[in-house]
Amino acid sequence: MRLDEAIRERSEGTAFVPYIMAGDGGLDNLIPTIERLEAMGATAIELGIPFSDPVADGPVIEAAGMRALAEGVTLAQVLDRLIEGTGRFSVPIVLMTYLNPVFRFGVQPFFERAAACGVSGVIIPDLPFEESLELFAETDRHGVAFIPLVTLTSSAQRVETILNQAEGFVYAVTLKGTTGKADVFPDELLGHLQALTARSPVPVLAGFGVHLAEQVRVLGEACDGVVVGSFIVEALHEGRDEEVAALIRAAKTVDTKR
Amino acid sequence: MYSQPVNGKFGPYGGKYIPETLMQAVEELEVAYEEAKQDPAFHEQFEELLSEYVGRETPLYYAENMSRRLGTNVYLKREDLNHTGAHKINNTIGQALLAKRMGKQKIVAETGAGQHGVATATVCALLNLECTIFMGEVDVERQQLNVFRMELLGATVVPVKSGSRTLKDAVNEALRYWVKHVDDTHYVMGSVLGPHPFPAMVRDFQSVIGMETRRQMLDKTGRLPDAVIACVGGGSNAMGMFYPFLNDETVALYGVEAAGSGIDTPEHAATLTKGEVGVLHGSLMYVLQDAAGQIQEAHSISAGLDYPGVGPEHSFLKDIERVRYAAVTDDEALAACMSLSRNEGIIPALESSHALAYAETLAETMTEDEILVICLSGRGDKDVHTIRERVTG
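Same order as they appear, the protein sequences are chains H and V.
Just so you know, the first sequence maps onto residues 209 to 466 in the working numbering.
Just so you know, the second sequence maps onto residues 697 to 1089 in the working numbering.
These are calculated hints, taken from the structure and not from any lab test.
Positions of the beta carbon are idealized from the N, C-alpha and C atoms, including for glycine.
Heads up, a few of these hints could be off.
What the hints assert, rightly or not - Derived list of chain H stretches under chain V, where covered just means 3 residues or more per stretch with a C-beta under 8 Å from a C-beta of chain V:
1. 227-240
2. 282-290
3. 316-324
4. 362-374
5. 432-446
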């Protein structure tokens, strides 16, 4: 099933996409963690690839990336593990990677390999839409969706262009800032999410800063769901799985009216 | 033969590989800079400050003792005589004026050794802008005097504890800060790095170095130099020096990177010599990286060259072979630093000492009628502690 369909055809509540850092706690943990999150009801899983210079991320995800790098984790190894895990889970996988590891792997080989591993989509936070057009001009992405980010600072004209060509889902960044745990979101956020959702051909998921059930409810009502990163990474690292399960349960009870 | 960037790219290099949150700010900057470039009042303001505040033009000094020793004519472009002691201030003045023009009252910048931080803090004090400087914790420790200088000038210095805790991580943290404060803050990038338009803009502000040199050389000798040498970390003094000479085909241009302990050791910063094409801090360029695309740490005795990337325009000039790039070790740079101090009475920055060291090699191929220009990008006062530690062991 295509990623956008998987998100739209969820059985209940609002979509919930947990982010995990591949290789945090060792690569042997990867498939079991995906299985656990799937059992908890995750709609899709965003799988972070560690990078030495994660400028879009806050301290929690950066630290998780450093732990993974200290284990020697590479993009190629993560893809190998996904192939080995084929058949053990059916939740869609979205890779979140900075551009350089992809560039080094080779853009075309990366998409071939990612598709072969069953990866549904890819988020590249330092590859804006315009650069992606040029970089992917000669690339066959083998059905792997390139998921665009839209922020509160994106101009109306750029949002229009980005939405017109969006695949998988639109990642609506909730903050002017990096990933982390936020207590308050900008006033204009809900209106922004509603406008995006009304206009977007694919689902809109809100991410950055989300960590409370109440935030999941408010944001989940305004768009198609949420992406939760730092909170999940921290909770899994510290063995607080029950808190992750509770947040996912909260998403299931959101009244989406759509 | 040589042209301006097309769509923000020098050949394949450069671009805007940045988080979406920054796209609006970077595009605004691009528009504002294009407008400023066309505005005579902006140029007048910039040139007035360079002349009255920075003390330009800087001399193109005939180094007689060095010329005799090397058997060719050596001229030093004395950027070390600028206010704050290096070329960095040419760029910070240009960008701070631009920030004011854009109505941004706050400035953020990164710094390695502290030279760009001091130059930024200086201009912010002058133009009444709020200034935040990110500096790796390791650099804060080894450059405490520069930290104090920045604070004395009214800047807030934030030690960066992430990653390798040096320049590369200071850039990461400054970018993150910019993402959070993008509405009222301008990022004063310190070198010809980062997303377009920074590499071209910083080059333009620094090209006063090469324009003066070209004119001074014609005034003094009636001809152009045969060779020009500049050190390359990110590459701003070199780009500023080279740019006005790019179409002068008789002028050979040499960029000198830091070979640290040696280019065949893991401890170097010779990005063009040993690196491979990749993306870092908004730009496609040569970077030091491992097989999986992780950026590696650079090493050099000179903190200003201690960066694992190099400007996109340099990356392009290397590929088209308009500029030749070489690398010089810590020991060679140190020897050149001591030699200039003893023989010419000028203590050069360790960065600039890399260019001086390469002159020793290049001069062997030059005749006594030929002319060599070396960009003396900064003074060495900031380095005397490092030099003393190395010399006395």
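For each hint, the structure was consulted:
| no. | hint | result |
| --- | --- | --- |
| 1 | 227-240 | violated (count 0) |
| 2 | 282-290 | holds (count 3) |
| 3 | 316-324 | violated (count 0) |
| 4 | 362-374 | holds (count 3) |
| 5 | 432-446 | violated (count 0) |
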